[in-house]
Amino acid sequence: MFSKILLVAALLIPAIAGAGEEAAPTIAANAEAVQGVQTSLDYVWTLVAAALVFFMQAGFALVESGFTRAKSAVNIMMKNLMDFSMGSLFFWAIGFGLMFGATNTGWFGTTGFFLSDFTPGGDPWVLAFWMFQCVFAATAATIVSGAMAERTKFLGYLVYSAALCAFIYPIFGSWAWGSLLNGNGWLEAKGFIDFAGSTVVHSVGGWAALAGAIVLGPRIGKYSKDGKVKAIPGHNIPLAALGVFILWLGWFGFNPGSTTAGNTDIAMIFVNTNLSAAAAAVAAMLTSWIIFKKPEIGMSLNGALAGLVGITAGCANVSPTSSILIGLLSGVLVVLSVMFFDRIKVDDPVGAVSVHGVCGAWGTLAAGLFNMGGVTMAIITTQLIGIIAAFIWAFGAAFILFKLIDLTIGLRVSEEEEIMGVDICEHGGHAYNDFQITK
Amino acid sequence: MFSKILLVAALLIPAIAGAGEEAAPTIAANAEAVQGVQTSLDYVWTLVAAALVFFMQAGFALVESGFTRAKSAVNIMMKNLMDFSMGSLFFWAIGFGLMFGATNTGWFGTTGFFLSDFTPGGDPWVLAFWMFQCVFAATAATIVSGAMAERTKFLGYLVYSAALCAFIYPIFGSWAWGSLLNGNGWLEAKGFIDFAGSTVVHSVGGWAALAGAIVLGPRIGKYSKDGKVKAIPGHNIPLAALGVFILWLGWFGFNPGSTTAGNTDIAMIFVNTNLSAAAAAVAAMLTSWIIFKKPEIGMSLNGALAGLVGITAGCANVSPTSSILIGLLSGVLVVLSVMFFDRIKVDDPVGAVSVHGVCGAWGTLAAGLFNMGGVTMAIITTQLIGIIAAFIWAFGAAFILFKLIDLTIGLRVSEEEEIMGVDICEHGGHAYNDFQITK
Amino acid sequence: MFSKILLVAALLIPAIAGAGEEAAPTIAANAEAVQGVQTSLDYVWTLVAAALVFFMQAGFALVESGFTRAKSAVNIMMKNLMDFSMGSLFFWAIGFGLMFGATNTGWFGTTGFFLSDFTPGGDPWVLAFWMFQCVFAATAATIVSGAMAERTKFLGYLVYSAALCAFIYPIFGSWAWGSLLNGNGWLEAKGFIDFAGSTVVHSVGGWAALAGAIVLGPRIGKYSKDGKVKAIPGHNIPLAALGVFILWLGWFGFNPGSTTAGNTDIAMIFVNTNLSAAAAAVAAMLTSWIIFKKPEIGMSLNGALAGLVGITAGCANVSPTSSILIGLLSGVLVVLSVMFFDRIKVDDPVGAVSVHGVCGAWGTLAAGLFNMGGVTMAIITTQLIGIIAAFIWAFGAAFILFKLIDLTIGLRVSEEEEIMGVDICEHGGHAYNDFQITK
Amino acid sequence: MKKIEAIIKPFKLDELKEALNHLGILGMTATEVKGFGRQKGHMEVYRGAEYEVDFIPKVKVEIITTSEMVDKIVETIISSVNTGKIGDGKIFVLPIDSVCRIRTGERDKDAI
Amino acid sequence: MKKIEAIIKPFKLDELKEALNHLGILGMTATEVKGFGRQKGHMEVYRGAEYEVDFIPKVKVEIITTSEMVDKIVETIISSVNTGKIGDGKIFVLPIDSVCRIRTGERDKDAI
Amino acid sequence: MKKIEAIIKPFKLDELKEALNHLGILGMTATEVKGFGRQKGHMEVYRGAEYEVDFIPKVKVEIITTSEMVDKIVETIISSVNTGKIGDGKIFVLPIDSVCRIRTGERDKDAI
Ligand SMILES: Nc1ncnc2c1ncn2[C@@H]1O[C@H](COP(=O)(O)OP(=O)(O)O)[C@@H](O)[C@H]1O
Ligand SMILES: Nc1ncnc2c1ncn2[C@@H]1O[C@H](COP(=O)(O)OP(=O)(O)O)[C@@H](O)[C@H]1O
Ligand SMILES: Nc1ncnc2c1ncn2[C@@H]1O[C@H](COP(=O)(O)OP(=O)(O)O)[C@@H](O)[C@H]1O
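Protein chains in written order, with our numbering: chain A, 4 to 442; chain B, 4 to 442; chain C, 4 to 442; chain D, 79 to 190; chain E, 79 to 190; chain F, 79 to 190.
It is possible that some hints are incorrect.
What the hints assert, rightly or not - No more than 16 Å apart at the CA atoms, straight line, and that leaves these computed lysine to aspartate or glutamate pairs for EDC-like:
id: 1; chain 1: A; residue 1: 296; chain 2: D; residue 2: 128
id: 2; chain 1: F; residue 1: 163; chain 2: C; residue 2: 419
id: 3; chain 1: B; residue 1: 233; chain 2: F; residue 2: 128
id: 4; chain 1: D; residue 1: 163; chain 2: E; residue 2: 184
id: 5; chain 1: B; residue 1: 228; chain 2: D; residue 2: 93
id: 6; chain 1: D; residue 1: 112; chain 2: E; residue 2: 92
id: 7; chain 1: B; residue 1: 225; chain 2: F; residue 2: 130
id: 8; chain 1: D; residue 1: 80; chain 2: E; residue 2: 175
id: 9; chain 1: C; residue 1: 228; chain 2: F; residue 2: 130
id: 10; chain 1: A; residue 1: 225; chain 2: D; residue 2: 128
id: 11; chain 1: D; residue 1: 163; chain 2: B; residue 2: 437
id: 12; chain 1: B; residue 1: 231; chain 2: F; residue 2: 92
id: 13; chain 1: B; residue 1: 442; chain 2: D; residue 2: 128
id: 14; chain 1: C; residue 1: 233; chain 2: E; residue 2: 128
id: 15; chain 1: A; residue 1: 228; chain 2: E; residue 2: 128
To be verified - The following label-pair restraints were derived from C-beta to C-beta distances:
id: 16; chain 1: B; residue 1: 231; chain 2: F; residue 2: 184; range: 54 to 62 Å
id: 17; chain 1: D; residue 1: 161; chain 2: C; residue 2: 409; range: 54 to 62 Å
id: 18; chain 1: C; residue 1: 409; chain 2: F; residue 2: 96; range: 40 to 48 Å
id: 19; chain 1: A; residue 1: 294; chain 2: E; residue 2: 161; range: 37 to 45 Å
id: 20; chain 1: F; residue 1: 145; chain 2: D; residue 2: 101; range: 27 to 35 Å
id: 21; chain 1: C; residue 1: 339; chain 2: A; residue 2: 113; range: 39 to 47 Å
id: 22; chain 1: D; residue 1: 161; chain 2: E; residue 2: 104; range: 13 to 21 Å
What the hints assert, rightly or not - Only some residues are given here: those of chain D computed to face chain E with a beta carbon under 7 Å:
id: 23; residue: 111
id: 24; residue: 166
id: 25; residue: 168
id: 26; residue: 171
Read the hints as simulated data drawn from the structure, not as lab findings.
All C-beta atoms in this analysis are idealised placements derived from N, C-alpha and C, irrespective of residue type, glycine included.
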């Protein structure tokens, strides 16, 4: 078999990895070769998982646009495209170094900016690792987009998005995950359990979303003069449902991929992820059925996502049976939470705060409660510390950030623009030319 | 390279798999290490394939909603979400044990319910295997959803869906595939060839769909008073086409993944799967062109699926050239079959019976006819036995089930509700708010 | 663990690959076993990548239909389905042999038609390799579909599509990539760098698209009598955006998969691919913002694709930092190019010529300019030779082909049919029954 | 000449068309409209918020005809779309000054 | 009997409905239309080509009523949908010969 | 005052708009409608079942104007949208009692 990589071999400084395979068979050579193959397998799995997590960007884009109005669909697609595009660049330049660089404080890293840890010919693992972490950062950023839909200035959003990928997410990330590379955070030092990011990714994104929704205020028409909650139905439920299926698929990269190693541990993580999501979707459907007399699809879809977020922290250290319990509770919780935030007049069109913030916190606690290795007061305390730290940091930093944006370039479009729709005003076009739109 | 799994190592009872890699290099250790890496590769491949098969749920949802009316799209999304969510739970609790548990009768398994075969710290293979089998079970369930679209009571559908994943599918599955784990079915004992499930998954789903469509009866307006077939055009062809592409993608997990081993055998399975689908799409297009004077897209899309179903049984034991023949015949067959069922007034809005039932049976026969190792009368007989057994069991059991549902909670919505659309009546909402809908 | 493959073992001539694993552990046996596992990993990775590239077909279908009118959506789906289906068959019968067969001229291969290189029981690598190359061929074919949208006779398109997969693409491919199997092309002999096909796949497709758009002429209404460019807005921007996300995902198979080996080299290719796409999306958005005063989504989406095409040639031999530069330039270039072709009255509804043709050429040059191993005049010259050869061959051959089709079966529908829409005239149906369409 | 406007339930359009054809009516124009009236709408729920949909999809059919035909047409409409249920709709008759066929310039009677 | 046609800004429909209900108007028919008038449209851009959208989404509300009610209704419409901005719309009053309720065959006053 | 209703082929709307503007007509309202008439529809096929589509997409343009302008406008419409093919459409002229501009309350002539 002729590997195309040889085509560029002459151009590449180092010998091609894996060349060792051709070495004369000695015990040592074999041992090394086995290592080499396992390493290759780790790369393949980690990067395949990264690709799946990347695809979650599409899932978020679809869920968010499906749950909002036709006149905002272009804007949501642009926000999701830019979350990932700008996020990749800012995480490359700044975020990755803050999150995984060496640190003596345990509060943020100070090395490895601009992927400087990689030298052509050197160990490419840092690249595989960066790729996987990059899609995680962008996920945190994109969570916020839905909660701020239909009324946010595009420029203001871009500034927020860059800041989250460059600072807010990585700094918290360094506390919990820094030691995965060169860092070493104060939170992980305490034994904080958050295998794939219920808190690090989802709560951080969810609490930032809460800050954004609060600073923005509700969409025109979301609350009647007499303060009653008015429904603003989403314009494309099939797209939203497709988005949820894509997110579920992406989570099979998000959770098991967090091993960043192609080993047998991923089996249980797959199963736990799936069972929690399934249980949560069913629980949310039943809850909505009981409360609204109909099995409502918006809540059922949110339910599946709630179960995925809920199991993210504990997917590697709870049993499949526990995963079902975690999912069931996530499904009930998300419905009640969505209704709660509606009540207190926080207009979150897609339920991002409830799904990612609230269920992320719940999942982090659950990772301690259902720990297969047994639960101690110490574990619970650490989990709570992490949960609270995430809220204080993410909500606080995002709140200040949004206020600053509001005072400077402006965060919200004018009333007239909002009625016309952000698509025309911010992007000069419509999502559905050719269709008769009724709102 | 620092594996995140170590973060939870302290919490996990067993030593982490693959730790053996660090053992002092001896011949035995190396041999074991190689085995370990191959095992890891098998896990990675099986679970990546499972993720692809999971994604087929989205494909089915899109094909079904695209081929039906806008007023039923929410209901179809809910059905597909719940097929998989409830299916996962019921397959976990009951189905998996019936299908793969130990058996002395050869008719159904009696162990391994609630994933009891897995013990924390024990061999996690059963989890990887469960995950792969779970997405198969849900596939069988979701096939039926399309054939019963636009007129089925949601609650009645949920009962059916649970029953299929818990009993109908697993029991047949145990006859043909039980020995893949702890079972040992009477059909596989005869040497029945159905590598990836033309019969086990698709025909079983297809014949259940036939039973459902018959018990329900046609949609209002599908047949004029004078008995002429009236078209009820699907509302979103691009969604349906996307669904077919997604299903085709998923089949690259469905067929090659059925090796549940990461080895070189998957290459031929990939090629066969692809060539059969391609040939069938072309054949169906040409057939529709000849019969209707236009290359019709609905039939062409069904054709691709027919080719995928047709090669599923024989993908590992027929040649690429044979795969093309199998596909060509599947493509012609599906068009004629769809027209036939329309004629006899079985209203199957998406062609599920023809694609999965009829072409599943054809594919199972073809797996014998085109067997690379040569064909014998015995092989054909066994294939026919399997095909017939599937029809009797799946159609019979499903027919009784649907009749029971109809007599108890009711299977079909009222005429008024059907005219309004199941979305509003069953779920209290529309799929396309903001759009002017004309039906 | 019981591999299902054993079910058909009796039927398969050769012993199952990997059986060697059970051999008594000797040094030689271990060495061989390691090789076996690495080989299996290469298969798994190559085929997973092929699946991702296959999925790009869906991405193209969505981008093309999203950027055109509702009345052409059925036709575009049919064209994309058939590009891949017929393409697979013609590449199997003819293309693969021409591209990778043995050759003594260096201009085209003459062996391996109908996959004759594969013998049951023989080395299945040729099948894995065929699968990967097949999805590449179909990609080249499908690029053209968008540029010819909304006005092309379906039959004429099918003839073109078959010819491209059977002759135009493979012949050029044999010049640059033939030696990946049994061939040995004149261009690769010069050391032409095109790792994953900026030129071989994208420019070839892009220049063929240019020929098609020129021979067809612009859509009715694209230019006013006084020659002003008139906008014909796409009908479904969210679909187009989803298509771009899917294409981006597929590119994680397209570029890293081109190693056709599961090794550590893929890490840098992943990172380069992602950074270039991200940079290009941002650059295109900013460019459109500056020129049109609004961040326009059509251009931003094209930008992401431009960055992906731009890095395809050099993804394995340029640094991540260079990838960002390549992407930034691709993003600016594509916007200017789209406007340029609009000016000169080449009506390319989706920007296929600019994205694939122009940015493919740029990327091929950039692969030389930013070569990590250093750049020489010789390298640049070779790159330019390849770029020019691609233009002459692809544009020339396609132009003649389209002219011939036009003179024989006809390439363009009648004015009346174009106004009614190709969906009804060519396929006898609509994409969006149930919706009120306004154009 | 007169213009007859009938607001009917959407799924009755085909039956109405056939009935009018039998009457020899060779032309009509249909419009998707939303009606508010005695026929109460229904509650819908979206993500926990209930809301009433009181504008119900209807189809408005416009028929230009001669004064003589009016009564016949009105009867035909009633008999073909009447379901006896609230929401069946209304028929309005309006005066028309003149009619013209664009293609030929024919006027009034000859134009329909 | 008269027919009142009001062309209004879409987001004003609910307010108009409520205002008319208070007036005791129990029926109306709404249609999505596109309006061209003094209210200038806006420029849009698509893939580099700018174009003006001068047909603006409006809603046409039709109300059949007795001659006596016309003025009240017109005033109510004006007061409830007037924003003082260009594009608020128009009200047209047309004569009607007869009205009929399909369900019952009732005529004129009784039909509305 | 009069109301002119023209049913035309959709792709002719822009030409009609321009022609009317040249005539100094500053306002009109367009509605998507479906027309049944002499222009026969076409057969379509869906998954093996053929069916005739006999309601063809048309656009209805409504223009309120003074009685004097009616003839000019009708001629303009004919000349600008006539293709000589069946299905070009119809023009109807209806009497209007009164017109009112919501924004200002202006009446009749001043309102348009
Ligand atoms: N006063 C009115 N003006 C205009 N349209 C009306 C009026 N009253 C009713 N309609 C139309 O007629 C439809 C049916 O009227 P409704 O009162 O619901 O039932 P019914 O026709 O049986 O009395 C309404 O949906 C509305 O479109
Ligand atoms: N002469 C007319 N005939 C029919 N409709 C008209 C006419 N003039 C205006 N309209 C309708 O009224 C709407 C508002 O009119 P416009 O001139 O834009 O603002 P205003 O109502 O404030 O004068 C237009 O969008 C159009 O739908
Ligand atoms: N009697 C009628 N009443 C209302 N609308 C009509 C009538 N006759 C025709 N139309 C409208 O005019 C359109 C064109 O009429 P048609 O008979 O098809 O062609 P032509 O205008 O050339 O005679 C039809 O599609 C329909 O919308």
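Hints and how they fare:
A threshold of 16 Å between alpha carbons decides the hint, and for residue 296 of chain A with residue 128 of chain D the separation of about 11 Å falls inside it, so the pair holds. A distance of roughly 12 Å separates the Cα atoms of residue 163 of chain F and residue 419 of chain C; the hinted pair therefore holds under the 16 Å criterion. Simply put, residue 233 of chain B and residue 128 of chain F have alpha-carbon atoms about 8 Å apart, close enough for the 16 Å limit, and the pair holds. With a CA separation close to 14 Å, the supplied pair residue 163 of chain D and residue 184 of chain E stays within the 16 Å bound.
Annotation: proposed proximity of residue 228 of chain B to residue 93 of chain D holds, straight-line Cα distance about 12 Å (limit 16 Å). A distance of roughly 13 Å separates the Cα atoms of residue 112 of chain D and residue 92 of chain E; the hinted pair therefore holds under the 16 Å criterion. Taken as a hint, the residue 225 of chain B and residue 130 of chain F pair is honoured in the structure, with Cα atoms around 15 Å apart against an allowance of 16 Å. For the hint pairing residue 80 of chain D with residue 175 of chain E, the CA-to-CA distance comes to about 9 Å; that is within 16 Å, so the pair holds.
In summary, the hint linking residue 228 of chain C to residue 130 of chain F is not supported, as the alpha carbons are separated by about 36 Å, beyond the 16 Å threshold. Only pairs whose Cα atoms come within 16 Å are accepted, and residue 225 of chain A paired with residue 128 of chain D is accepted, the gap being roughly 12 Å. The hinted pair formed by residue 163 of chain D and residue 437 of chain B fails the criterion: a straight-line CA distance of about 28 Å is larger than 16 Å. Distance hint between residue 231 of chain B and residue 92 of chain F is unfulfilled; the C-alpha atoms sit about 42 Å from each other, more than 16 Å.
For the hint linking residue 442 of chain B to residue 128 of chain D, the alpha-carbon distance of about 24 Å lies beyond 16 Å, and the restraint is violated. Between residue 233 of chain C and residue 128 of chain E the CA atoms are separated by roughly 8 Å; this keeps the pair inside 16 Å, and the hint holds. The hinted pair formed by residue 228 of chain A and residue 128 of chain E fails the criterion: a straight-line CA distance of about 39 Å is larger than 16 Å. A C-beta distance of roughly 57 Å is found between residue 231 of chain B and residue 184 of chain F, which places it inside the suggested range of 54 to 62 Å.
The given range of 54 to 62 Å is respected by residue 161 of chain D and residue 409 of chain C, whose C-beta atoms sit roughly 55 Å from each other. A hinted range of 40 to 48 Å for the beta carbons of residue 409 of chain C and residue 96 of chain F is inconsistent with their spacing of about 34 Å. One distance hint, 37 to 45 Å for the beta-carbon pair residue 294 of chain A and residue 161 of chain E, holds here, with the actual separation near 38 Å. For the pair residue 145 of chain F and residue 101 of chain D, the supplied restraint of 27 to 35 Å holds, since their beta-carbon distance comes to about 33 Å.
Distance hint check for residue 339 of chain C and residue 113 of chain A: the Cβ-Cβ separation is about 40 Å, which falls inside the suggested range of 39 to 47 Å. The hint said 13 to 21 Å for the Cβ distance between residue 161 of chain D and residue 104 of chain E, and at roughly 20 Å that hint holds. Taking 7 Å as the C-beta cut-off, the interface hint given for residue 111 of chain D holds, the closest approach to chain E being about 5 Å. Hint status for residue 166 of chain D: holds, given a least beta-carbon distance of 4 Å to chain E, under 7 Å.
For residue 168 of chain D, the interface hint holds, the least distance from its beta-carbon to any beta-carbon of chain E being 6 Å, beneath 7 Å. Evaluation of the residue 171 of chain D hint against chain E yields a held restraint, the C-beta minimum of about 4 Å falling below 7 Å.
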